[in-house]
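Chemist: Make the full structure from the sequences, and use the hints.
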Amino acid sequence: MMIPALELKTIKKSWGALQVIHGIDLHIEEGEFVVFVGPSGCGKSTLLRLIAGLDDPTSGDILLQGKRVNTVPASERGLSMVFQSYALYPHMSVRQNLSFGLENLRMDRVEIDRRVDDAAALLQIDPLMARRPGQLSGGQRQRVAIGRAIVREPQIFLFDEPLSNLDAELRLQMRVEIANLHAQLGNTMIYVTHDQVEAMTMADRIVVLRSGQIEQVGKPLELYNRPCNKFVAGFLGAPQMNFLSGMIHPDGTLDMDCGLKMPVRLGQTLSQPEKCTLGLRPENIGVSLDGAGDMTVKVQNFEQLGSVTYIYTVFANGETLTVQLGQQIPLRRGQEIGVTFDPNRFHIFAGEDERALELIGRATA
Amino acid sequence: MGLATFLTRTRGSADKANRIGAADILAYGYLALGVLIILVPVLWTFASSVKPERAVDSFDTRLLPMSQIERPVEGVGNKTSWIYIDEAGTTQEVFKAGPTRRETDVATFDNPTDVFTVPRTGLEPNEEVRIATENYLDPILKRNGQDNFTFFTYLFNSVFVTVMATAITLLINAMAAFALSKYRFRGRLTFTILIIATLLIPSSIILVSLFFVVWSFGIFGSLWGVIIPAAATPTGVFLLRQYMLTIPDELLEAARMDAASEWRIFWRIVMPLSLPALSVLAILSVIWRWNDFLWPLIVLISDPSAHTLQIGLTTFSGEFDSDFHYILAMTVVSLIPITLVFVWLQRFITTGIATTGLK
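Residue numbers (our numbering), protein chains in the order written: chain Z, 1 to 365; chain S, 1 to 359.
Worth flagging that the hints you see were computed from the coordinates, not collected in a lab.
One thing to keep in mind: the hints can contain errors.
Claimed, not checked - The calculated label-pair distances, taken between Cβ atoms and stated as ranges, are:
no.	chain 1	residue 1	chain 2	residue 2	range
1	Z	Gln96	S	Ala4	34 to 44 Å
2	Z	Arg131	S	Leu340	26 to 36 Å
3	Z	Leu170	S	Arg184	27 to 37 Å
4	S	Thr133	Z	Met129	50 to 60 Å
5	S	Ile20	Z	Gln96	42 to 52 Å
What the hints assert, rightly or not - Subject to a maximum C-alpha distance of 25 Å in a straight line, what follows is the list of computed SDA-like cross-link-like pairs (lysine to any residue):
no.	chain 1	residue 1	chain 2	residue 2
6	Z	Lys12	Z	Thr71
7	S	Lys182	Z	Asp56
8	S	Lys182	Z	Gln84
9	S	Lys182	Z	Gln96
10	Z	Lys9	Z	Thr58
11	S	Lys182	Z	Ser85
12	Z	Lys261	Z	Thr340
13	S	Lys182	Z	Thr58
14	Z	Lys12	Z	Glu30
15	Z	Lys12	S	Tyr183
16	Z	Lys67	Z	Lys261
17	Z	Lys275	Z	Asp204
18	S	Lys182	Z	Gly16
C-beta: ideal position from N, C-alpha, C; glycine also.
Modeler: In structure tokens, the structure reads:
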């Protein structure tokens, strides 16, 4: 069995009386691109800082290549990190920024120059080598920050929301570049973001965090198609999954507040009727303009993007339903349209922790 | 040209900028007043330092260095020259051939034996503008009996004390400020407050205890006795700490991720980024140490070869008589090095601000 590149064992972290990380266990394999995603304040950055060694866990163990590194200072863990603010040394040129870490390792000058030049070529920053960070644009600074991480040839790259200071276009471009970089270098990468699109597009595996706990770990589509609870279901996917509230009966009948009644095949037995939430992805809803279908809804607003149409509708009881269509259709506000649902694509969340119920015959994609 | 545009700038946007408003007049007036308050004493010192001894002693307040002409008189020696104006208004150059009385005996330089008597009120000193270079050259070249003033020894001592004390001050204060601003430890705030609180204690109060400390360390009478006690300044620690607080922690963390030791972080990251504050402290420290008088006097009084310039200046003030013309001249000389230091260091203050490249 291969030794995982990184292993976290019941990591806990408190700031004084405030506990921010509540016992996290995680294995990260060699060469994986893992994204920590979650709303702000969920502890994802704290977790990254614990791995980096910039903060110490209150309890639990951190293992790198099978070795416990809790007491090893950040400077000796052999990881490199790209900070949200880039944290480039403002008084050094780009070349000095890149070589600083290697100089600290007392590396041979020739080797330093070779690695720096390689990284500069890879990131296309070679014309900027003599400049100071103050003379660079945001995207260029971002590249230098990544370059500084690359030259170290670290065991693991840590990224702390590296794209959040860039504008939308540049963010898209850098996202692709980082993904390419991972394919090229093959290093283990841990990437923290609050942006679920970044998580979905870049990750081999996503770790969804909420208030210091792991909600679910898995491949992006696994999480998208089979979210283990309502939080994960709502966090991944844009536009967000629709949530309708109602009851589920032990015989599998859904009795929703909006009037929808439908049988589903439960993969588990319920002892009594339970309150539940029905989750519907916007793209899994069919539309008929003549009003036929499982339910009728009223169009409040819509967005025609050409390839996609988003329809924002409302049920008679006031619950909203967003529909995503892969085609263009004529619409007007206030119009009544019929919607059809596919029970094989239902997500049903019940119980206090709003966990997903097992359904038989559910489509996986 | 550049200076003229600089001095005629007015406030406001470009379209209003050509008009001179009340605010401009007030601002320039205020600035001019400030310049005068700072500059006049220095200029006065300089103007007085080139006046001859007699003019300085008689509190001659004219701006130009006026000096009474002296000429040799055969068989008598040098005599000061006077102008005699008689009632008719004709003038005649004379020297006093006897004591000054209401009716004074005078004679002309051409015919010194022909003594005649004139009323004292008709005599005016015969003056010319002359820069009294002897005020500067006598002490420096040990002329005119100024053997006790060993200028180059004093200069060396002053430079040594100032340079060493400033270097040690910068290093020690920066290290203390780094720890107090960037490390989290129990009692950090307490230590900071304690250090700042020592600002409240006047130096004259700790003079005696400081004397005993220096004495017991065996550095009394040596220049190190001046340098070391002055090295740790609360002002410097506070100034640098406040500045270092503005250096983002992420830079230090990035350096840690770059495998830098704490010592390297201090040297390669924190010190260069604190250059503006370090320059300010360097200027302050140079001025303090250069102008320091009381403490060097106490420590070094027994050994004239260890005197600094400021103590050296006391050579000229005796119990009964002070050579103010030498004091003034040597004061001007002692101003030159710190002025140069300031000119050199002040550009770091501005470049430091300009190169802070964080967003």
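Chemist: Determine which of the earlier numbered hints do not hold for this structure and return their numbers in increasing order.
Modeler: 16 and 17
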